[in-house]
Amino acid sequence: MSSFQAGSVQTNDYVDPTPLPDHIPKVEELGATSAPLKSAAFFIGAYCKDYNEDFMLCKAENRDPAHCLKEGRRVTRCATDLITKMRENCLQQFEAHWNCLERNNQEYYHCRKPERTLNACMFEKLGLTKTIPGAPAGQPIHEVKNPYFKSVQK
Amino acid sequence: MPYRQDMPPAGGFGALKYKRNLPFRGPGSFVILGGVTAICTYGFYRLGKGNLEKRELQREKIWSRIHLVPLLMAEGDRDAYRREQAAVAREKEIMKDVKGWEAGKSVYHSSRYRSPEIVIL
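Residue numbers (the numbering used here), protein chains in the order written: chain S, 1 to 154; chain X, 1001 to 1121.
There may be inaccurate statements among the hints.
Below, in silico cross-link-like pairs of lysine to any residue (SDA-like), each with a Cα-Cα straight-line distance of 25 Å or less [said to hold, decoys possible]:
hint : chain 1 : residue 1 : chain 2 : residue 2
1    : X       : Lys1105   : S       : Ala60
2    : X       : Lys1061   : S       : Asn99
3    : X       : Lys1061   : S       : Tyr148
4    : X       : Lys1061   : S       : Asn105
Rather than coming from a laboratory, the hints here were simulated on the basis of the structure.
Just chain X, with the same shape it has in the complex (with noise of 0.2 Å):
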């Protein structure tokens, strides 16, 4: 076998790959930092505006149970009235045989109202 001189290709080498290669990697850390901060900073306002939005709502609703009050109590209290004129006079029927007995009297020394404690099924 001939000797042969191993020699570069011909034409020479390529050019060597020595320069460095950092493809853009995405927004800088003080443009998140900012862009957080601003998302940050919006939704807080919103939820701020939200909050006293929902305050209102919540008057809002409040006062259309204290408008109808009245009306609701004074349908229950007639009902209320109605049962216990009911129940005094069916005491007054069963206990007319015992003298001295006061139908519908209050047990406690007191003129506060209170609503009877015990209900007849």
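Looking at chain S on its own, in the form it has when it is part of the complex (with noise of 0.2 Å):
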């Protein structure tokens, strides 16, 4: 009556550990978590404008993961750059802002306070702005004084 029935689905990790082709430059990944990334998004978003555009249209050509590597190697060096240059002049601002990020559901609106440091230092720094593109001429979202939608707990 109860016999083990082996299942149909396999449980294993996808693990493939055989490595790169010694042809293909090997190049380190960033390795941020998601709360960094995000904290960091808009300046990748301006500091790697170029490279980013670059790999989209070239993603845009071919979506063969063969196609875009050296474009990708570009877009991963360039993040990397970003990340340390940001390691190295906003360090306690960054690690504030992405720390806020990691406790509030990674959402923008509940940590404008360290988001304002940040993008000062950032602007002071490496003179980089957030900006979103597409939103209304007047004041962008993350400047607003008085917003409707705050955290209950300051």
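With the hints as a guide, dock the two chains, each given alone in a separate frame, to form the complex.
If you want it as structure tokens, here you go:
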């Protein structure tokens, strides 16, 4: 009655330890988790605009992963460069912001205070600003003084 | 028992309360209607403003993800390429005795890329 039945679905992880072929140049993966990435997203967009657009145009040509490896390496190097610069120049503000995002469901509107200090620091040190494309003219949402949506707990 | 006429009390009866007694029962209908209208108007104003703000928050969230797409896609592509190459190498090794076998050849007559349908775990 109760005999062992091997399932029909594999439960192994999809692990393949084979490294990349040698003719592909190696690039260190960024390795940042979601909150730091989300905190740095707009700066990555501003700093690496050319590389990102190049990569996406390349992907639009052909979806084959082999087609855009070179552009992809440039994108990753640029992002790594930016994160390194951020950590060198605005480490304290950066960590405050992404820790806040981590604690607040990764919603920007809960973390305006650390975000503003980070934005100010990034503009001062690296000259990067956060701009949201397509936003209507006037005050951008991250600079509204008294927004309707904010944390209940201060 | 001697006879006794029933008479009013000394000093006469007290005054009769015949005046209407209508205490103040809150604001009138037009005041309430006006008040409710004012509160609702303010509420809808805030709702409208909040909707506009929500739209902007959504735009911010979407753009934060758009900016990260190339980065994540590049990383994923490198991984996919590595696994594909490994799979092709395995296939070549397994099928090395079969003549005319092309390892990693698509089953479709199309140059469009398709991700592998079969994954060996």
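Cross-check of the supplied hints:
no.	hint	in the structure
1	X:Lys1105 / S:Ala60	holds, 23 Å
2	X:Lys1061 / S:Asn99	holds, 17 Å
3	X:Lys1061 / S:Tyr148	holds, 17 Å
4	X:Lys1061 / S:Asn105	holds, 12 Å
In summary, the structure agrees with every hint in the numbered list given earlier.
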